Amino acid sequence: MKTTVTIPKNRNRRSLSKTDRFTLSAFVGIPSLLQIILLWVPAVVTVILSFTYWDGINIKDIHWAGIQNYKNIFINNPIFYQALKNNGIWLAFFLLIATPLGVLLAYQIDRGIKGHAIYESIYYLPVVLSLAVIGIIWNFMFQPGGFVQGIMGRDLAHALSIWGNPQINTWVILGVASWRHIGYIMLLYLSGLKSVDPALKEAAAIDGATEWQIFRKIILPTMQPVNIIILVITLIESLRAFDLVYIIYGSPTVFPLLNLLVFQNFAGQGISMKGAAYAVILLLLCIIPIITYLRIVFKEDLK
Amino acid sequence: MSMGMVQDEKYRNNQKRKDGFISLFIGIFAFVWIFPILWTVFTSLRPYNDVISYGIFSWPRHINFNNYINAVKEMHIGIYLTNSLIVTIPSVILTLFFGSLIAFVVTRYQFKFNLWLLLLFTAGNMLPIVLTYIPVFWMFLWVGDLFGNRNMLYNNYAGLILVHVGFQVGFATFVLSSYMKTIPKEISESAKIDGANVFRHYWNVILPLLRPALAALSVLMSTWIYNEFFWALVLMSDDSKRPITSALRRLQGQYVTDFNLLAAGAIIAASPTVILFFVLRKQFIAGLTLGSTKG
Chain W
1 MKTTVTIPKN RNRRSLSKTD RFTLSAFVGI PSLLQIILLW VPAVVTVILS FTYWDGINIK
61 DIHWAGIQNY KNIFINNPIF YQALKNNGIW LAFFLLIATP LGVLLAYQID RGIKGHAIYE
121 SIYYLPVVLS LAVIGIIWNF MFQPGGFVQG IMGRDLAHAL SIWGNPQINT WVILGVASWR
181 HIGYIMLLYL SGLKSVDPAL KEAAAIDGAT EWQIFRKIIL PTMQPVNIII LVITLIESLR
241 AFDLVYIIYG SPTVFPLLNL LVFQNFAGQG ISMKGAAYAV ILLLLCIIPI ITYLRIVFKE
301 DLK
Chain L
1 MSMGMVQDEK YRNNQKRKDG FISLFIGIFA FVWIFPILWT VFTSLRPYND VISYGIFSWP
61 RHINFNNYIN AVKEMHIGIY LTNSLIVTIP SVILTLFFGS LIAFVVTRYQ FKFNLWLLLL
121 FTAGNMLPIV LTYIPVFWMF LWVGDLFGNR NMLYNNYAGL ILVHVGFQVG FATFVLSSYM
181 KTIPKEISES AKIDGANVFR HYWNVILPLL RPALAALSVL MSTWIYNEFF WALVLMSDDS
241 KRPITSALRR LQGQYVTDFN LLAAGAIIAA SPTVILFFVL RKQFIAGLTL GSTKG
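In order, the protein sequences belong to chains W and L.
Numbering-wise, this note's numbering puts 212 at position 212 of the first sequence, and it's gapless, one number per residue.
Numbering-wise, this note's numbering puts 69 at position 69 of the second sequence, and it's gapless, one number per residue.
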């Protein structure tokens, strides 16, 4: 995919006319400016704001706070540790169950089992839906008067609280999140599998290798770069998960997640920049996966 | 020899049986997968009173599109859908345009800053978006005040388009530059020798060659931008200007008792991306394959 042809350095620069240089500057400058102003500057500003007190109304009222916002998060703030725990559970569930299921599904569909084309579309369908729609769809399933309540023989008057029950809601939320995640991983992996030489698999099958052996000894090793990318995606998705929970609950009290705490502390009620500090903590957690990803992707260019 | 063939056949039969079982298993799960969607479609086609009188598992006495008609009339779904298009279409076009510019420069010219440029865009794509909410919000208000019109970016389609472009252009740049690396350098060399200036080199030579990648990306981008709703919640104060996915959240609160009407609204909101996916499935998958990831 990546071919690097070496052109003697500076050759193109010397041959560039004034107009060309101007055009190139515009080509690079306009998108970069947009990217820097809308993304990088705000990111840096948020990091700075995380060390201040501010009510978010008047810029003159910004006061230096040192690390007080972080202290407030780490000390006497059980919701933060609950959020960490929930993000951890989310990550473990995705790593151990959802992502491997997506990979296995991709493998089976790639083998061309009966109905594979239809299955591929069905499993991918949730991924093209907006989370706003997904929230509504699953509400129909679980809310009082919904499908699941109906199956359990609960009418409106005797409905169980599924979203509000701390013993089951974690699993219900993870289930719905996986509904989307599995299809996404499946399609990513499937596109990678298409590039594995089919002769390799056939040869192994003729040698009498079982499906499981072929998968473990041939597919997994040849898919190494994709494996890591999928791992990184799972990691990042789990760390910044929240839209689904926000859609269902609207607040972080029932099922706190890091990203949800950021959003809540931004939305008006902040007398401090605690939300900014939460955002920075989230960034720090994401940084290692992001760097890993960039290193894989730009391996050739970095050399 | 014959022993081997018998064994081979036995193995193959065995495998066939196993495959049948696997297919059945995946099929059952596929049904579970699609069921909530089918159930929502079913709900949207029957009147609310039907469910109230006969229960949710009753055989539907009436099947019609009344909920859809009401969704348009009462929920003003049409307006929100239009808003979505007003935001999505320019966002996609601008994202692809800017992405292709950077990809063009990075892959066709040997500048020292090329790698940094690519990193700037790709890493930007992976930043947690929440990191930017407060400053972008304030920046938009501030820029508006500067020009004497508070609603120049804030509470304006232009602002929403701008943030979508800002956040998606990284992915487009990454995908397009890895695609462009597969286009032979000789094409560019001959364009330069023929005396084409930079703009013509980009517009007449490279852009046409990018068509498959642009097609694939535009499908993917349309889906992502159409589905995004947090920015609209943060930046659009007028409900009548919100795109459909953001509006749906408010409608969910307002029509909480009338499941059936809400279901129709949800199906209408979902249909553009679902149709896009089924009609242009090849482009969609190609887009993902090209990028291989979206952080």
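Because the hints were derived from the structure by calculation, they are not lab data.
Keep in mind that a hint or two might mislead.
On the chain L side, residues computed to face chain W include the following (Cβ under 7 Å) [said to hold, decoys possible]:
id: 1; residue: Ile63
id: 2; residue: Ile102
id: 3; residue: Ile134
id: 4; residue: Phe199
Listed below are the simulated DSSO-like cross-link pairs for lysine-lysine, each with C-alpha atoms no more than 27 Å apart in a straight line [to be verified]:
id: 5; chain 1: L; residue 1: Lys185; chain 2: W; residue 2: Lys299
id: 6; chain 1: L; residue 1: Lys16; chain 2: W; residue 2: Lys299
id: 7; chain 1: W; residue 1: Lys60; chain 2: W; residue 2: Lys71
id: 8; chain 1: L; residue 1: Lys16; chain 2: W; residue 2: Lys194
id: 9; chain 1: W; residue 1: Lys217; chain 2: W; residue 2: Lys201
id: 10; chain 1: W; residue 1: Lys18; chain 2: L; residue 2: Lys73
id: 11; chain 1: W; residue 1: Lys114; chain 2: W; residue 2: Lys60
id: 12; chain 1: W; residue 1: Lys299; chain 2: L; residue 2: Lys10
id: 13; chain 1: L; residue 1: Lys18; chain 2: L; residue 2: Lys112
id: 14; chain 1: L; residue 1: Lys192; chain 2: W; residue 2: Lys18
id: 15; chain 1: L; residue 1: Lys10; chain 2: W; residue 2: Lys201
id: 16; chain 1: L; residue 1: Lys18; chain 2: W; residue 2: Lys194
id: 17; chain 1: W; residue 1: Lys194; chain 2: W; residue 2: Lys85
id: 18; chain 1: W; residue 1: Lys217; chain 2: L; residue 2: Lys282
id: 19; chain 1: W; residue 1: Lys217; chain 2: L; residue 2: Lys10
id: 20; chain 1: L; residue 1: Lys18; chain 2: W; residue 2: Lys201
id: 21; chain 1: L; residue 1: Lys112; chain 2: W; residue 2: Lys194
id: 22; chain 1: W; residue 1: Lys60; chain 2: W; residue 2: Lys85
id: 23; chain 1: W; residue 1: Lys194; chain 2: L; residue 2: Lys282
id: 24; chain 1: L; residue 1: Lys181; chain 2: L; residue 2: Lys192
id: 25; chain 1: W; residue 1: Lys201; chain 2: W; residue 2: Lys114
id: 26; chain 1: W; residue 1: Lys18; chain 2: L; residue 2: Lys16
id: 27; chain 1: L; residue 1: Lys185; chain 2: L; residue 2: Lys112
id: 28; chain 1: W; residue 1: Lys71; chain 2: W; residue 2: Lys85
id: 29; chain 1: L; residue 1: Lys112; chain 2: L; residue 2: Lys192
id: 30; chain 1: W; residue 1: Lys114; chain 2: L; residue 2: Lys10
id: 31; chain 1: W; residue 1: Lys114; chain 2: L; residue 2: Lys282
id: 32; chain 1: L; residue 1: Lys18; chain 2: W; residue 2: Lys114
id: 33; chain 1: W; residue 1: Lys201; chain 2: L; residue 2: Lys16
id: 34; chain 1: L; residue 1: Lys16; chain 2: W; residue 2: Lys114
id: 35; chain 1: W; residue 1: Lys201; chain 2: L; residue 2: Lys185
id: 36; chain 1: L; residue 1: Lys181; chain 2: L; residue 2: Lys16
id: 37; chain 1: W; residue 1: Lys217; chain 2: W; residue 2: Lys299
id: 38; chain 1: L; residue 1: Lys16; chain 2: W; residue 2: Lys217
Quick caveat, the model's predicted, so the values are computed rather than measured.
Where a beta carbon is used, it is the ideal one built from N, C-alpha and C, also for glycine.
Assess, step by step, whether the Cα of Lys114 of chain W is no farther than 27 Å from the Cα of Lys10 of chain L, and give holds or violated.
Answer holds: Lys114 of chain W to Lys10 of chain L is near 20 Å, not above 27 Å.
Taking 27 Å as the top limit, are the C-alpha atoms of Lys194 of chain W and Lys85 of chain W close enough?
violated (37 Å)
Was the hint right that Ile102 of chain L lines chain W, CB cutoff 7 Å?
Given a least distance of 5 Å, the restraint on Ile102 of chain L holds.
Given the hinted pair Lys181 of chain L and Lys192 of chain L, is their Cα-Cα distance within 27 Å?
Within the cut-off at roughly 17 Å; holds.
Measure nothing beyond the straight line between the CA atoms of Lys194 of chain W and Lys282 of chain L; if it is 27 Å or shorter, mark the hint as holding.
Satisfied, since the Cα-Cα distance of roughly 14 Å is no more than 27 Å.
Ile63 of chain L was flagged as interface toward chain W. Is the shortest Cβ-Cβ separation under 7 Å?
violated (17 Å)
Given the hint that Lys10 of chain L pairs with Lys201 of chain W, does the C-alpha gap stay at or below 27 Å?
holds (19 Å)
What's the verdict on Lys217 of chain W and Lys282 of chain L, does the C-alpha distance respect the 27 Å limit or exceed it?
It is violated: about 30 Å lies between the C-alpha atoms, which goes past 27 Å.
27 Å Cα cutoff - pair Lys112 of chain L, Lys192 of chain L
holds (20 Å)
Taken at face value, is the distance from the CA of Lys299 of chain W to the CA of Lys16 of chain L at most 27 Å?
Distance ~42 Å between Lys16 of chain L and Lys299 of chain W Cα, so the pair is violated.
Is the Cα-Cα distance between Lys112 of chain L and Lys194 of chain W 27 Å or less?
At roughly 35 Å apart (the allowed maximum being 27 Å), Lys194 of chain W and Lys112 of chain L break the hint.
If you draw a straight line from the CA of Lys60 of chain W to the CA of Lys71 of chain W, is it 27 Å or shorter?
holds (24 Å)
Hints 1, 6, 10, 11, 12, 13, 17, 18, 21, 22, 26, 35 and 36, counting from the list given before, are not met by this structure.
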